[in-house]
Every structure is written in C-alpha cells, then in structure tokens.
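Engineer: One line per chain: the protein sequences are U and Z, in this order. Residues in the first sequence are numbered consecutively from 1, following the working numbering. Residues in the second sequence are numbered consecutively from 1, following the working numbering.
Hints in this document: simulated from the structure, not taken from any laboratory. None of the values given here were measured: they were computed from a predicted structure. Where a beta carbon is used, it is the ideal one built from N, C-alpha and C, also for glycine. A few of these clues could be false.
[Claimed, not checked] Chain Z residues, not near chain U, derived (Cβ > 12 angstroms throughout):
id	residue
1	Asn-48
2	Ala-75
3	Met-112
[As the list claims (entries may be wrong)] Computed Cβ-Cβ distance ranges for the label pairs, DEER-style:
id	chain 1	residue 1	chain 2	residue 2	range
4	Z	Ala-75	U	Leu-28	23 to 31 angstroms
5	U	Val-60	Z	Phe-94	48 to 56 angstroms
6	U	Gly-157	Z	His-44	47 to 55 angstroms
7	Z	Asn-110	U	Gln-120	34 to 42 angstroms
8	U	Asn-41	Z	Asn-110	16 to 24 angstroms
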Amino acid sequence: MSTHDHHHSSDAMDVFGFWIYIMSDCVLFAAIFAAYAVLHNKTYGGLGIGQLASLPYVFVETMALLASSFTYGMAILAMYKNNKTKVLFWLGVTFLFGLSFVSMEVKEFIHMYFEGHGWQTSAAMSAFYTLVGTHGFHVSMGLLWMLTLIVQLSMYGITPAMRRRLTYLGLFWAFLDIVWIFVFTIVYLMGVI
Amino acid sequence: MSTHADVPVTENYGTSPKTLSAYIIGLFLSLLLTVIAFLLVGKHMLSNSSLYIAVSILAVIQFCVQSLCFLRLNAGPEGRWNLYPFMFAVFVVFVVIGGSLWIMYNLNYNMMAH
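Bound conformation, chain Z alone (with noise of 0.2 angstroms):
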C-alpha cells in the first residue's frame, strides 16, 4: 500500500513522463522553425521550388518535435500501442493524399490529350 499514493500522480498512459524541460525544448524548437520558415517564405530568400522543399521539410521536423516534446510519443512497451496506431494514420494520410494528387494529375493530363 505504500506505493499507492504516488502512483496515479505520474500517469502517463503510454507517452514519456512529460516534463518542464521537454516542453520548453518543444515550445523553442517549435518558435524557431516556424519563425524560419515564415521568413524564407516572407523575405522571398530562396527560389519557388527550393522554398517549397524548404517548408516542406521545415513541417515535417516541426511535426516531429511536437510528436515528441508535446504528445511524449515513444517506441517503449507501453508507449508502442500508441505508437503504431500512430505510424499506421500517417500511412493513410500519404495513401490519402499521394493517392488523390496521382490520380487526378493522371486524369487532367489524359483528359487535356484528346
């Protein structure tokens, strides 16, 4: 019984304990990439296309960090069940996404042919 008091108070559910430094990492890492990429955008600073693989890469690390500083997501045992579930909707959102983009591309190229 002696342990049951501070059980409950550090529930975690599956994610890494959250802690002060975690979110402070997050909430920084998060500002400076969005201030970078609002700038290279804002300030014209790179080529069209160059731009968009910028922020496109710029998202996807932000989306990163804030999977892990800010959901605490992590490949332990308890944290895997919700780690799949997780990796398997990024999959559907590409197949969604991916998926729409190739076949109306196909669809507009084929239809400007005749």
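One chain only, chain U, in its complex shape (with noise of 0.2 angstroms):
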C-alpha cells in the first residue's frame, strides 16, 4: 500500500514538472508572438501575410487540429476503461488529423516560398515563418511522440508508465491547439482585415 502512495505522489509531481515546461513553452510563445506583432507590417514593399494567405485554407486547417484534440480525449476516456484497441485506434485517427494539419502548413510554405515569399523577403515574412513554423514543429515533434507510444503501447499494452506518457503527451497537444487560436486569430485572421 505504502510503494502504491510513493508512486502515485511521485507520478503526480512528474506530470507536475511536465506542465511547468509547458507554462515555459508559453514564454517562448510569447516571445516570438511579440516579434511577430511588432514587425508584421514591416514587409518591405512586398505583400502582407494578409494578402498572400487564404483564409478558408488555413480554416479547414484549424478544423483538423481541433478534430485532433477531441480525438485525442477519446483515447484518454478509453485509456480509462482500460481498452488498448480504442486507445490505439483513437492515437491512429489523432496522428492523422495531425499529419493533415502539418502537411497542410508544409503545403502553404513551399508555395509561398517558389511564389518569391520566402523568409528573407522581410522581417514580417521572418516572423512569420519562425512563429507558425514554431508550432508546425511543435506538433510534428508531437506526431513524432504519438508514434513512439502507439508502437510502445501496442507492444507493453497500458502499464502505470504508458498512462503516464499518453497523459504527458495529452497536455502538450492541448496546449499546442491552444497556441494555434492564437496564431489564426492573430496573424491569419486580423491579417486578412
């Protein structure tokens, strides 16, 4: 009884010190959200992001990462019950509405990049690319930790460690979605007004 405490205070401070990363993350958020708000239109007479982005593009792209958070809380409810099969097939729907998102983005750089609006066209277009970019490889680094487990959960099944893991990994895809209402309010969205 006293070994099952010790491990379930010692988990709860590991998923505590996992969301002080976190809340660091977001201090480098902000740092690179502040760069982007001052230097957004500093385009050096070329175009702003508002005119080169489509915005029904990126908002089909913002319904993939949602879709994914939700997907997401569907392998934790079925974590819960313990039902390996629904956790893994729920991780297998997350990884792929989080593929699309990533791709998408991917897809809209290497366009705007051969159409002459590449990062070193202007320091908005610099801040532009280090702030969405940022959370592009944020969320790859995530797909990237989603396998990891989907392959690790498939061959140890959920263990003590596995619920841990999938609740780390839980936490920072959360937050990534919220990053994300904030980049398509602020550079997506008010750019086009």
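Mind assembling these two chains? They're in different frames, but the hints should get you there.
Structural biologist: Take a look at the structure:
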C-alpha cells in the first residue's frame, strides 16, 4: 500500500514538472508572438500575410487540429477503460488529423516560398515563418511522439508508465491547440482584416 | 487493498475528471467560436476596428473553453498546483507582448519626431 502511494504521488509530481515545461514553452511563444506583433507590417514593399494567405485553407487546417484535440480526448477516455484497441484506434485517428494539419502547413510554406515570399524577403515574412514554423515544429514533434507511443502501447499494453506518457502527450497536444487559437486569430484573421 | 485497483484508472494529476461530456462541449463550443470568427472576417460583417475587437474576444473565450474542457484546469486543492503557474505564464505572456508593442510604438514615435 505504501509503495503504491509513493508511486501515486511521484507520478503526480512528474506530471507537474511536465506542466512547468509547458508553461516555459508558453513564454517562448510569447517572445515570438511579440516579434510578430512588432514586425507584421514591415513587409519591405512586398505583400503582407493578409494578401498571401487563403483564409478558407487555414480554416480547414484549424478544423483538423481541433478535431485531433477531441480524438486525443477519446483516446484518454479509452485508456481509463483499459481498452487498448480503442486507445490505439483513437491515437491513429489523432495522428492522421495532426498529419493533415502539418502537411497543409508545409504545402502553404512551399507554395509561398516558390511564389517569391520566402523568409528572407522581409522582417514580416521572417517573423511569420518563425511563429507559424515553431508551432508546426511542435506539432511535428508531437506526431513523432505519438507514433512512438502507438508502438510502445502495442508492445507493452496499458501499464502505469504508459498512462503517464499518454497524460504528458495529452497536455502537450491540448497546449498546441490553444496556441493555434492565437496564431489563427492574430496572424490569419487579423492579417486579412 | 480493496481500493487499490480503481485508483490509477481515474488518475487525473490535479485536473478535473476527463469526461465525454466535457470533450463534446469543448469541441462544440470551439467549432462554433471558430466558425463565427471565420464568417465575421470572411464576409467582412463589421467595421475594421469592431472586427479586431470581435475576433480578440472570440479567441479569449475559446482559450477559456479549451483550458476548462480539454486541459481541465480547476481551482480545487490539487488543481491549484496547475492553475497558479498557468496564471503566472499568462501574466508573463501579457508583459512580453504588451511591453514589446509599447516600447516599439514609443520608439517609432520618437524616431518620427526628429
């Protein structure tokens, strides 16, 4: 009983530590949001992001990420019920939504770059690629992480360690969706206004 | 030992219990708020300055919805451990972004005056 209690509280402490990491990541995003806010209209005679981005396209991206947040929640609920097959299924669905989000973003970047609006064209474009790219990089790392958990889960099943790992990724994933609300609003919606 | 089996299954680590209804409400409200913001801007339903205010408010509401429904933050005895660093992070975000804009605005203003 006492060893169990020990694991219980040390797990909670570990998750709290991960939470502190996420909060420090918040501060990283604050810095690049600040850079974007200051530089977004310094286009050096080129086009701003409002003229370059397609709002419906980004809207679909947003929907994919939002759906992935929900399906990850379904994976957590299946984990509570110790249903390994269902957890794997929902993680797979989440992975596909996340992958479509990243692929759409990469496609947008490549398109803009080859239209002559690369990160070297102006301060505004540098700030744009840094902000959106850093978020996309986080999502990509999350996908790699999710793939690892899918493999581990099919090997080990739902163990206490796997529960903790799924909780970490869940926090990370929900956090990335929250950051995207502000990317969508500040970069795209306000860009188009 | 009888409680042993059911303890780790509902482990929440200081968040509110994750429930299906919370996720569905979170998804529905987030969808609704995103669609409203998208339509307001896409169809240009308001004047420019009102649009800025409207999408900012919608973003803040969605931020609260997702924090409560997906992250499951709460002010309970254990939840506070997550909530206080979170509030501090939000404060730092405001200082960094607001401070940068303020300083750069002043700098631009002073540069133009001379």
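Engineer: All hints are to be evaluated individually against the structure, with a verdict given for each.
Structural biologist: Right, here's what the structure says about each hint:
Chain U draws Asn-48 (chain Z) into its interface by the beta-carbon criterion, the shortest separation being 6 angstroms against a cut-off of 12 angstroms. Taking the minimum C-beta to C-beta distance to chain U, about 15 angstroms, the non-interface status of Ala-75 (chain Z) holds against the 12 angstroms cut. Under the 12 angstroms C-beta cut-off, the non-interface status given to Met-112 (chain Z) relative to chain U holds; the minimum distance is some 15 angstroms. Restraint check, Ala-75 (chain Z) to Leu-28 (chain U): a C-beta distance of roughly 26 angstroms satisfies the suggested window 23 to 31 angstroms.
Checked against the hint of 48 to 56 angstroms, the pair Val-60 (chain U) and Phe-94 (chain Z) fails, with Cβ atoms roughly 31 angstroms apart. Range check, Gly-157 (chain U) to His-44 (chain Z): Cβ separation about 53 angstroms, and the 47 to 55 angstroms hint holds. The supplied range of 34 to 42 angstroms is broken by Asn-110 (chain Z) and Gln-120 (chain U), whose beta-carbon atoms lie about 29 angstroms from each other. For Asn-41 (chain U) and Asn-110 (chain Z), the Cβ-Cβ distance of about 18 angstroms falls inside the hinted range of 16 to 24 angstroms, so the restraint holds.
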